[in-house]
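Work out the full structure, taking the sequences as your base and the hints as a guide.
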Amino acid sequence: MKKKGVGMACVLHPTGNKGAGDPSNAAIQLKPDGTLVLLVGAVDLGQGSTTILRQFAADLMEVPIENIYASNFADDFAPLSLGSFASRVTLIDPHAVENAAEDLKKKIREYASDLLEAHPDDLEYKDGKVFVKGAPDRSMTLAEVGGASMFGGGADPALLVGTGAWQPARFHAHDPVTGEMPAVGAISFGCCVVEIEVDTETGVVDVTKMTQVWEVGKAVNPLLVRQQITGGTHCGLGTALIENAYPYYPDAAWAPHNLSDYALPTFMDYPDEFKWGYAEVPHPMGVKGAKGFSEGSTNGPPPAIMAAIHDAIGVWIDEYPATPEVVLRALEAKG
Amino acid sequence: MTEYVGKAMPRYDGIGQVKGQTKFVDDFILPGMLYAKAVRSPVHKGVIHGVDFTAAARVPGVIGFVTADDIPGARLFGACGDQPVLADQYTAYKGEDIALVVAADEDACAEALEKVKLDIEEQEPVFDMFEAMKPGAPLVRPNLKSNLWEYGPDMTTRVMYLGDVEKGFAEADYIVEGRYQTGEQDHAAMEPMVSVAYFDEADRLVIHTHSQCLYFQLGQLAGIFNLPMSRIRYKGGVVGGGFGGKNHIHADHLAGLAAIKFKRPVKYRMSRREDLLYSTKRGVFILEYKTGVKKDGRLTANHIKLWHDAGAYGGFSPYGVEKCSMFASGPYHIPNTRVDGQCVLTNKAGSSSMRGFTIMNGQFPMEMQMAKIATELGMDQWELRFINAWRDGDMGVSRYVVRGAGALEAMTEAAKLAGIELPDRLLAMSSRGR
Amino acid sequence: MKQILSFTLNGSPVDVVVTPTETLLDVLREKLGVTGPKRGCDDGDCGACTVLLDGEPVRSCLTIALTVNGRDVLTVEGLGVNGDLHPLQKAFHEHGAFQCGFCTPGMLMSAKALLDHNPNPSRTEIREYMSGNLCRCGSYEEVIEAIQAVAAGEYKE
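Protein sequences appear in the order of chains A, B and C.
Using our numbering, the letters of the first sequence correspond one by one to residues 13 to 347.
Using our numbering, the letters of the second sequence correspond one by one to residues 12 to 445.
Using our numbering, the letters of the third sequence correspond one by one to residues 773 to 929.
Some hints could be false.
No more than 30 Å apart at the CA atoms, straight line, and that leaves these computed lysine-lysine pairs for DSBU-like [unchecked claim]:
id, chain 1, residue 1, chain 2, residue 2
1, A, Lys141, B, Lys18
2, B, Lys272, C, Lys803
3, A, Lys117, B, Lys18
4, A, Lys287, B, Lys383
5, A, Lys287, B, Lys18
6, A, Lys15, B, Lys383
7, B, Lys305, A, Lys346
8, B, Lys301, B, Lys178
9, B, Lys305, B, Lys246
10, C, Lys803, B, Lys246
A short, non-exhaustive set of chain A residues, derived as facing chain B with CB atoms under 10 Å [stated by the list, open to error]:
id, residue
11, Ser96
12, Lys118
13, Cys203
14, Val205
To spell it out: a stretch of chain C is covered by chain B in this simulated footprint if at least three of its residues, at any positions, have a beta carbon under 8 Å from a beta carbon of chain B; those stretches are [said to hold, decoys possible]:
id, region
15, 800-807
16, 902-908
Derived by calculation from the structure, the hints in this document are not laboratory data.
For glycine and all other residues, C-beta sits at the position ideal for the given N, C-alpha and C.
This is the structure we're talking about:
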């Protein structure tokens with residue numbers, strides 16, 4: 013017999029590490045032809061950190077994005093990012109990029125002041141050009157500044173690299189009595205709604221429809237926001253219904269040998285209908301209000317699915333995964 | 012003025028992925044490259060008396076072996092600095108790295124591994140957290156005071172509290188209790204653990220890594236190799252899926268040690284089987300909740316006791332207990348909250364960060380509690396969440412102040428997309444205040 | 773005992789010395805420098821090694837190299853035409869049908885075989901056909917969308 017159920021869950025995910033002391037750096041170099049190189053420390057795991065940081069850099073340097081080459085390949089000279097974990101990069105690394113951009117713009121104004129015969133404070137940087145306030149035809153393009161600085165000759169040479177670093181706060185340890193501990197940088201919020209069908213003979217739970225929405229501060233790149241919502245659902249579905257191996261914990265022989273022992277969700281395990289969305293409450297700590305959230309989409313499905321199972325067959329399953337065996341045993345216990 | 016932030020744009024580095032051109036660590040195949048495989052502990056716990064490589068050395072293609080005695084620098088690594096790079100005195104989990112076989116190809120390594128003789132005195136292990144916590148339980152490894160992690164002198168419970176839970180329970184009309192277990196999981200990234208190491212033309216050690224956090228790990232590696240950071244070219248930036256598993260060093264230290272000893276390029280690769288069995292996992296949490304609520308749906312108290320199975324070494328688990336504790340009450344305003352958390356060692360492969368690191372382990376039981384409470388009260392599930400969701404200025408159990416609260420916004424949009432009509436009195440609520 | 777394996781790889785003839793136990797995946801990656809197909813598991817569970825053998829998707833990790841003698845092998849490196857991306861590659865890029873990219877070469881080969889056999893597959897048919905390709909980053913929805921977009925003619929070769 014197939015029984016239907018509906019469930020919802022409201023969850024959070026913190027972005028950044030507890031206790032702060034969670035830094036990232038960035039650097040932006042001006043090339044002789046006016047194009048820019050953005051160097052970031054964040055490792056792109058596929059979540060698109062390089063892509064979004066380049067978007068920030070383009071806005072901050074006010075240039076067409078095609079003029080920016082970005083790299084996260086750490087090697088001899090590489091900025092630090094503490095790591096691509098704790099969903100921290102979207103909250104923290106844009107600040108480093110912002111500081112690097114401000115630093116580079118300041119250096120550009122200082123360099124150009126000599127050639128434009130003006131005081132740096134009388135120069136303005138806008139849309140990839142530096143010019144004298146009130147006399148916009150006394151200007152230099154990024155290519156002109158870059159060319160002059162790189163080759164010197166009639167001008168003094170300079171290496172124009174803007175650098176930036178940032179962290180939410182200095183580290184401090186927790187209070188040993190109350191446990192008080194500085195918060196992580198920001199928190200994102202998610203809601204997952206599912207419709208399921210439980211087969212009471214086999215114990216199989218089929219998720220027929222899922223809706224998952226995350227409140228992300230600012231959706232820096234909606235294509236990537238979507239990827240993280242549909243993507244985190246993979247771990248969420250696997251967690252809720254599939255991922256385990258026999259013998260069960262705490263037997264140390266819990267020993268999956270291959271991906272058939274430890275099965276992962278396939279195309280067939282995803283819901284027939286998947287809706288995703290986002291909301292934006294600009295966060296005071298984020299650049300343009302942005303914060304991370306990507307891990308969070310894993311958190312929503314398990315409790316939503318368990319709530320739906322209760323709705324369908326009246327049993328509370330207080331562990332996961334709710335494999336067919338677990339569901340059947342719960343039905344048996346219920347009587 | 013450009014406005015790229017907010018725009019849906021394809022991946023900047025995406026063309027390489029769709030062309031199959033992007034080079035992942037395993038795609039580095041160098042001339043004269045050797046392969047290393049690990050000699051692993053066959054027992055869950057024991058004393059290592061010796062390793063005999065004599066028969067293995069005769070296998071054609073075998074170049075040599077790496078043991079702890081070959082380590083130029085620090086012999087311990089890991090986020091807590093307590094894990095042996097290569098176990099030589101004791102072993103604390105089945106599969107623990109004891110030595111490396113280095114050969115011309117992996118087939119020769121496999122043959123050699125079968126011929127390595129290990130002299131290990133097996134000891135009684137402990138797998139269950141609650142057994143491990145009992146006084147007199149076998150210690151997971153030598154030189155421990157107990158199997159409980161110490162957060163301060165003689166402090167093995169990490170406590171956080173806000174208000175007074177007993178007072179909160181006294182104010183409650185209903186109390187709901189539950190005991191929850193969150194399962195053991197593997198990251199199962201499509202790319203198994205692998206590392207390639209070699210010396211470049213300036214005699215600097217190059218390591219191709221899939222680390223998620225190069226600087227987090229570079230210091231540990233520099234310590235193990237006894238090399239200054241400027242003599243290590245730690246090249247990363249391409250990861251075939253991380254999910255937290257690649258925050259812990261699995262392969263770079265071993266490839267590096269083999270390259271240092273044999274002065275040739277070395278690839279150390281874990282098979283999927285090794286990755287599933289021996290790489291770090293998401294360790295189990297067991298959580299007991301006692302939640303108090305008034306008839307009108309307002310939560311008054313939440314007392315959580317939680318235990319986290321760290322495996323044999325600390326790793327990120329002590330931090331994980333703290334992170335879980337901070338958020339295990341979900342996005343809800345509960346004026347009286349207390350969390351007692353313990354981090355427990357057992358004879359299993361270590362637990363490390365995994366997507367939703369310890370947060371999922373707290374959101375799951377809290378939402379189960381909320382679902383049960385709503386059912387008990389005969390209240391709509393959405394209403395219970397809307398009433399209690401954080402507003403700006405609310406305080407979490409570790410006394411941070413919430414800013415930019417957005418639970419109501421997430422729920423409102425989700426309900427709309429799911430075709431669920433929420434009553435006006437809920438939609439009129441605001442995250443900006445009560 | 774080593775033998776010479778001759779086959780067509782991405783449209784060009786190739787000869788390589790192999791042993792009887794080497795798999796097609798071993799030979800492609802270690803001997804021919806074709807590293808698009810990936811080694812994601814040991815048993816043919818994940819699909820990251822998928823290539824097309826005479827137009828059919830196979831697990832190259834389970835295919836003994838000598839069995840492809842005289843036959844046609846296509847990997848992701850051979851998908852494009854004259855340096856241009858294949859419509860599936862363009863669609864995957866624009867629809868975000870990958871994240872880390874490790875499963876992508878195998879995913880693309882299965883997708884190509886699907887559309888070669890069934891130019892207008894339903895959502896259910898896509899899910900069934902592609903279910904042997906695992907993606908831990910969870911890009912399934914986007915893959916389905918990309919395949920549907922190519923089937924609908926939104927990307928011309």
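Hints violated by the structure (listed by number, smallest first)
Of the numbered hints given earlier, those the structure breaks are 9 and 12, listed in rising order.
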